[in-house]
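J.: Sequence:
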Amino acid sequence: MDSSTQAILTSGVLAIGAVIVAAVVTGFVWLFIRSTAWKTVPIALLLIGFCLESVFVKQPYVQLGLQIYPNDVISLFVLLSVLGGFFQRPLPVHESPFLLWLAFGATIILSFVVGLGEYGRYAGTEVRPFFYLWVAGMYGCAADFDDDELRRIGRWCVWTAYAFVGIAIYYWLAVEIGFVDRKSLFGDEEGAVFRPVGSHAVFFVATVALVQTMAWLRGTYARRSGWHAAILLGFVTILQHRSVWIAALAGLLCVLILERRHLPRRFPMLLGFVGLGTLLVAGAASFGYLDDLADRMVKSAVSMTDSQGTFAARVDGWVRLLESWTDASNKVLVFGFPFGRGYTRMYNGQLIEFAPHNFYIDLILRVGIVGAILFLIPTCIAIVQSFRARSTSEFEYLLMRGLAVGLAASLVYYVAYPSYYILGAATGIALAQLIRLRRRRVEERRAEMRAMHSPPHSPARAPLTVRPQTPPGPRWR
Numbered sequence: 479m480d481s482s483t484q485a486i487l488t489s490g491v492l493a494i495g496a497v498i499v500a501a502v503v504t505g506f507v508w509l510f511i512r513s514t515a516w517k518t519v520p521i522a523l524l525l526i527g528f529c530l531e532s533v534f535v536k537q538p539y540v541q542l543g544l545q546i547y548p549n550d551v552i553s554l555f556v557l558l559s560v561l562g563g564f565f566q567r568p569l570p571v572h573e574s575p576f577l578l579w580l581a582f583g584a585t586i587i588l589s590f591v592v593g594l595g596e597y598g599r600y601a602g603t604e605v606r607p608f609f610y611l612w613v614a615g616m617y618g619c620a621a622d623f624d625d626d627e628l629r630r631i632g633r634w635c636v637w638t639a640y641a642f643v644g645i646a647i648y649y650w651l652a653v654e655i656g657f658v659d660r661k662s663l664f665g666d667e668e669g670a671v672f673r674p675v676g677s678h679a680v681f682f683v684a685t686v687a688l689v690q691t692m693a694w695l696r697g698t699y700a701r702r703s704g705w706h707a708a709i710l711l712g713f714v715t716i717l718q719h720r721s722v723w724i725a726a727l728a729g730l731l732c733v734l735i736l737e738r739r740h741l742p743r744r745f746p747m748l749l750g751f752v753g754l755g756t757l758l759v760a761g762a763a764s765f766g767y768l769d770d771l772a773d774r775m776v777k778s779a780v781s782m783t784d785s786q787g788t789f790a791a792r793v794d795g796w797v798r799l800l801e802s803w804t805d806a807s808n809k810v811l812v813f814g815f816p817f818g819r820g821y822t823r824m825y826n827g828q829l830i831e832f833a834p835h836n837f838y839i840d841l842i843l844r845v846g847i848v849g850a851i852l853f854l855i856p857t858c859i860a861i862v863q864s865f866r867a868r869s870t871s872e873f874e875y876l877l878m879r880g881l882a883v884g885l886a887a888s889l890v891y892y893v894a895y896p897s898y899y900i901l902g903a904a905t906g907i908a909l910a911q912l913i914r915l916r917r918r919r920v921e922e923r924r925a926e927m928r929a930m931h932s933p934p935h936s937p938a939r940a941p942l943t944v945r946p947q948t949p950p951g952p953r954w955r
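For the sequence shown, our numbering gives the first residue as 479, with consecutive numbering after it.
Each hint can be trusted.
Listed below are the simulated SDA-like cross-link pairs for lysine to any residue, each with C-alpha atoms no more than 20 Å apart in a straight line:
1) LYS809 - ILE851
2) LYS809 - ALA581
3) LYS536 - ILE526
4) LYS536 - SER677
5) LYS536 - GLY656
6) LYS809 - ALA584
7) LYS536 - LYS661
8) LYS536 - PHE657
9) LYS536 - PRO548
10) LYS536 - VAL671
11) LYS809 - GLU596
12) LYS536 - ALA641
13) LYS809 - LEU588
14) LYS536 - PRO607
15) LYS536 - GLY665
16) LYS536 - VAL658
17) LYS536 - GLY676
18) LYS809 - LEU594
19) LYS661 - TYR648
20) LYS661 - ARG673
21) LYS809 - ILE847
22) LYS536 - GLY602
23) LYS536 - GLU831
Using C-beta positions, here's what the derived DEER-type ranges look like:
24) GLY712 - MET930: 53 to 59 Å
25) THR756 - ILE655: 27 to 33 Å
26) ASP625 - PHE832: 39 to 45 Å
27) GLU926 - ASP625: 21 to 27 Å
28) TRP705 - PHE534: 29 to 35 Å
29) ALA652 - TRP705: 22 to 28 Å
30) ILE655 - ARG739: 48 to 54 Å
31) TRP650 - LEU558: 35 to 41 Å
32) ASP805 - GLY665: 32 to 38 Å
33) CYS529 - ARG916: 30 to 36 Å
Hints were generated in silico from the structure; no laboratory data involved. In this text, a Cβ means the ideal position worked out from N, Cα and C, and glycines have one as well.
Let's have the full structure, built from the sequences with the hints guiding it.
T.: Written as structure tokens, this is what we have:
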């Protein structure tokens with residue numbers, strides 16, 4: 479290849495790259511402009527980014543002095559949408575849940591700024607999950623979605639859950655036929671339990687399944703909710719994330735308690751589902767199709783007590799990291815270590831550095847007691863008030879109770895895993911609904927007060943007839 483041909487090819491590649499960059503920037507700007515009118519666009523981008531995390535097991539990035547990942551761009555877009563939406567609709571700055579969430583973000587930013595000065599770019603690496611969570615919650619709380627938009631988001635969540643099922647099936651087949659090298663992509667050995675989709679995605683599927691279970695028990699909203707619940711709960715079981723099993727069982731218990739009066743009506747069908755599933759499993763097991771899966775599930779459950787397993791390493795890490803936090807100064811106890819400090823500790827004579835896999839510990843390590851309280855208070859408000867909220871429609875009931883069940887299950891999930899931005903968006907939407915209901919009650923009270931103090935309507939009267947006056951006659955004696 480001569481130099482002229484090389485120059486032409488190089489210029490052609492540069493031109494194509496420039497066109498792609500220009501198209502991406504133009505699309506980003508257009509979506510940002512439209513997001514002020516299409517309020518669901520940022521939520522759609524969050525769900526798309528969530529799916530991309532599962533498709534690309536090793537996340538792609540652009541090197542710009544700092545590695546820029548797709549979720550960085552999406553979260554920046556969501557933050558700009560919050561600010562841009564302020565010109566279309568006022569932020570709920572007079573509402574205490576929004577102010578608490580805003581203060582939680584202030585502790586994150588403060589810890590990041592301090593860490594940036596002490597640890598440099600490592601602070602940016604550690605702050606990402608916290609920033610994603612906070613920004614998604616901000617948008618969910620400030621967007622002021624109406625019922626049609628919330629219905630659309632609910633449908634997207636169901637589609638996203640099935641997208642994770644499809645991604646898992648693809649990787650199972652791709653690894654089985656040798657199209658994808660398991661060790662190079664997933665980093666685990668052949669003998670280990672294969673989990674093609676991460677715990678965050680599986681927990682998301684579990685929460686969607688719980689809402690579908692609630693809708694099926696009530697029998698008043700979605701016709702196919704029973705099938706959705708059965709398929710998605712079966713997927714959660716097969717994926718073998720033990721902590722997700724426990725969190726999903728806690729959420730299922732909440733659903734059964736909430737809908738206990740509907741259980742007798744659905745009991746025959748529920749018994750039929752269980753019987754059919756038992757027959758299918760027994761038939762497959764008799765032909766040996768489930769031997770490998772059963773061995774792996776037993777191994778997954780038993781390995782929790784293994785001293786060399788990941789569970790034991792996590793628990794030991796919780797103790798070590800908490801000891802380092804309690805031994806620190808009062809300032810660290812209140813506001814936490816700055817982002818970028820890392821999670822280095824010793825385990826079985828080895829130096830390990832992975833995160834604690836416990837969101838509560840992660841909170842107090844990075845934002846201290848203050849940040850943990852500022853996160854937990856609005857989250858608990860969203861859960862408790864969503865359980866208690868009086869709804870005016872079946873959709874509103876499923877929305878509020880579904881958010882409450884999902885967030886209550888997340889409190890169990892946080893014990894073994896960090897949080898993620900979809901849970902932040904769910905918290906924000908729950909808080910926004912509570913603000914909306916409170917405003918509705920205030921307006922109803924004002925209408926009642928106006929009705930009480932308005933003067934009563936007088937009965938209709940016939941118009942008065944004015945008689946003409948005649949001049950007085952002579953006075954007679």
